[in-house]
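S.K.: Going down the list, the sequences are from chains A and B. FYI, the numbering used here numbers position 234 of the first sequence as 234, with every residue one higher than the one before it. FYI, the numbering used here numbers position 99 of the second sequence as 99, with every residue one higher than the one before it.
A portion of the hints provided could be inaccurate.
Computed list of chain A residues with no C-beta within reach of chain B, every gap over 10 Å [what the hints assert, rightly or not]:
{"id": "1", "residue": "13"}
{"id": "2", "residue": "16"}
{"id": "3", "residue": "41"}
{"id": "4", "residue": "42"}
{"id": "5", "residue": "64"}
{"id": "6", "residue": "92"}
{"id": "7", "residue": "119"}
{"id": "8", "residue": "157"}
{"id": "9", "residue": "162"}
{"id": "10", "residue": "164"}
{"id": "11", "residue": "165"}
{"id": "12", "residue": "171"}
{"id": "13", "residue": "173"}
{"id": "14", "residue": "193"}
Chain B residues, not near chain A, derived (Cβ > 10 Å throughout) [stated by the list, open to error]:
{"id": "15", "residue": "54"}
{"id": "16", "residue": "63"}
{"id": "17", "residue": "99"}
What follows is a list of derived Cβ distance ranges for each label pair [claimed, not checked]:
{"id": "18", "chain 1": "A", "residue 1": "165", "chain 2": "B", "residue 2": "36", "range": "50 to 60 Å"}
{"id": "19", "chain 1": "B", "residue 1": "98", "chain 2": "A", "residue 2": "106", "range": "45 to 55 Å"}
{"id": "20", "chain 1": "A", "residue 1": "150", "chain 2": "B", "residue 2": "16", "range": "43 to 53 Å"}
It should be emphasised that the hints constitute simulated quantities derived from the structure, not laboratory data. The model shown is predicted, which means the values in this text are computed figures rather than measured ones. No residue lacks a Cβ here, since even glycine has one placed at the ideal position from N, Cα and C.
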Amino acid sequence: MTQAANPFDSRRDQFLAGARACLPVAISVAAYGLVWGVLARGAGLTLTEAVLMSGLVFAGSAQFVALDLWTATPATLPIGPIVISALIVNLRYLLLTATLRPLYPKKGLWRSALSMYLVTDENWAMTVAAMQRGGGSVAFLMGGGVLAWISWMSTNLIGYGLGSAIDDPARWGLDFAFTATFLALLLGMWKGRSDLVPWLVAALAAILTSRLLDGSWHILVGGLAGSLVGAALETRKHVRQS
Amino acid sequence: MFASPEALTAIIGMALVTIAIKASGLLLADRLPTQGFAAAWLRHIPGAVLAALVAPAIATGSPAELVAALATGLVFIATRNLFAAMASGVFAVYLMRLWLGA
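Put together the whole structure using the sequences plus the hints.
M.R.: This is the structure we're talking about:
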């Protein structure tokens, strides 16, 4: 164990690097976390229920939708619709976690599947950006995930505790941190003009979908449309060249 | 300090479908061919998903958010620094909302 590349050291470094990379987006996670905490109390969740939902589900958009459907009296709680809408809102994760496959070893994937629990939009985006620069690892992904989990849980609790006494994060522009970071990440992924058409298709499909449907459908529809068009253009070019 | 059985059922159901979907993406990717169309498709997902994430927020944003998005993009292109880009976007949207009152 005297080699310079000690796997434990590099794993720890990767974990910390992943957490550091996610700091900018942890700010927007925290801003939304505060709002969710306030709304959860307003929707009639007990403190235990709020903690359990954030801790176990750990998926912001699905949790916001659940608050819309929540009722303070347990007897009228629409359990089926709440679970089904979580499923629908989270369908986009099929696309996200599929792109993380190269990080994992060829065999024993089933054991790794549980680590997908810590995947969020935020640490996924940071990790695929790192992968495109030739970096990224499972430890990097987990570092960002743990940071996101801590900032989500702690601000949920603060929001729940303080209730509507807290200031609206939008007043400080903090709600924009999410859009700003993802926009910068997108620009960082630009590899040339071949990206233009797929990105435009994704953007237009997402804008149209968001006008027609609530929730997170626009991410799934835009992501699918853009990536399929990109793949079609790329493979057609190869066929022509060969 | 309690959780009703109904709430507990709903929360556990939400947690199970969420982890099932997140894990399915990874497990299904294993079945895809590593060459040709499927591989090209996987390569194009990150850019397309990010474009789909930000486009509606910018398209439906107020003038304050449009200016802030422009500021974010310019700062990122100039500095290649993610944190600087995010911070200038947030600062720009704060100033513009103060100024425009929207």
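S.K.: Run every hint past the structure and note whether it holds.
M.R.: Status of the hints after comparison with the structure:
No beta-carbon of chain B is positioned within 10 Å of the beta-carbon of residue 13 of chain A; the least distance is around 19 Å. The beta carbon of residue 16 of chain A is kept farther than 10 Å from every beta carbon of chain B, the shortest such distance being approximately 16 Å. Against the 10 Å criterion, residue 41 of chain A stays outside the reach of chain B, whose nearest CB is about 14 Å from its own CB. The beta carbon of residue 42 of chain A is kept farther than 10 Å from every beta carbon of chain B, the shortest such distance being approximately 15 Å.
With 10 Å as the threshold on Cβ separation, the claim that residue 64 of chain A sits away from chain B holds: the shortest Cβ distance comes to roughly 12 Å. Residue placement check: residue 92 of chain A does not keep its beta carbon more than 10 Å from all beta carbons of chain B (closest about 7 Å). Its closest Cβ contact with chain B, about 6 Å, brings residue 119 of chain A to no more than 10 Å, contrary to its assignment away from the interface. Residue-level check passed: residue 157 of chain A sits 13 Å from the nearest beta carbon of chain B, beyond 10 Å.
Here residue 162 of chain A stays apart from chain B, with its beta-carbon at least about 18 Å from theirs, past the 10 Å limit. Every CB of chain B is more than 10 Å from the CB of residue 164 of chain A (nearest about 20 Å), matching its label as outside the interface. Listed as a non-interface residue, residue 165 of chain A keeps its Cβ farther than 10 Å from every Cβ of chain B; the least gap is roughly 21 Å. Listed as a non-interface residue, residue 171 of chain A fails to keep its Cβ farther than 10 Å from every Cβ of chain B; the least gap is roughly 8 Å.
Interface exclusion of residue 173 of chain A from chain B breaks down, the closest Cβ pair being 4 Å apart, not more than 10 Å. Annotated as non-interface, residue 193 of chain A keeps its C-beta farther than 10 Å from every C-beta of chain B; the closest such distance is 13 Å. Not every beta carbon of chain A lies more than 10 Å from that of residue 54 of chain B, the smallest distance being close to 5 Å; the non-interface claim is violated. Residue 63 of chain B, annotated as away from the interface, keeps every beta carbon of chain A farther than 10 Å; the closest lies near 13 Å.
Here residue 99 of chain B stays apart from chain A, with its beta-carbon at least about 12 Å from theirs, past the 10 Å limit. The supplied range of 50 to 60 Å is met by residue 165 of chain A and residue 36 of chain B, whose beta-carbon atoms lie about 57 Å from each other. For residue 98 of chain B paired with residue 106 of chain A, a C-beta distance near 54 Å keeps the hint of 45 to 55 Å intact. The hint said 43 to 53 Å for the Cβ distance between residue 150 of chain A and residue 16 of chain B, and at roughly 23 Å that hint is violated.
Figure legend: structure checked against the earlier numbered hints; hints not met, in rising order: 6, 7, 12, 13, 15, 20.
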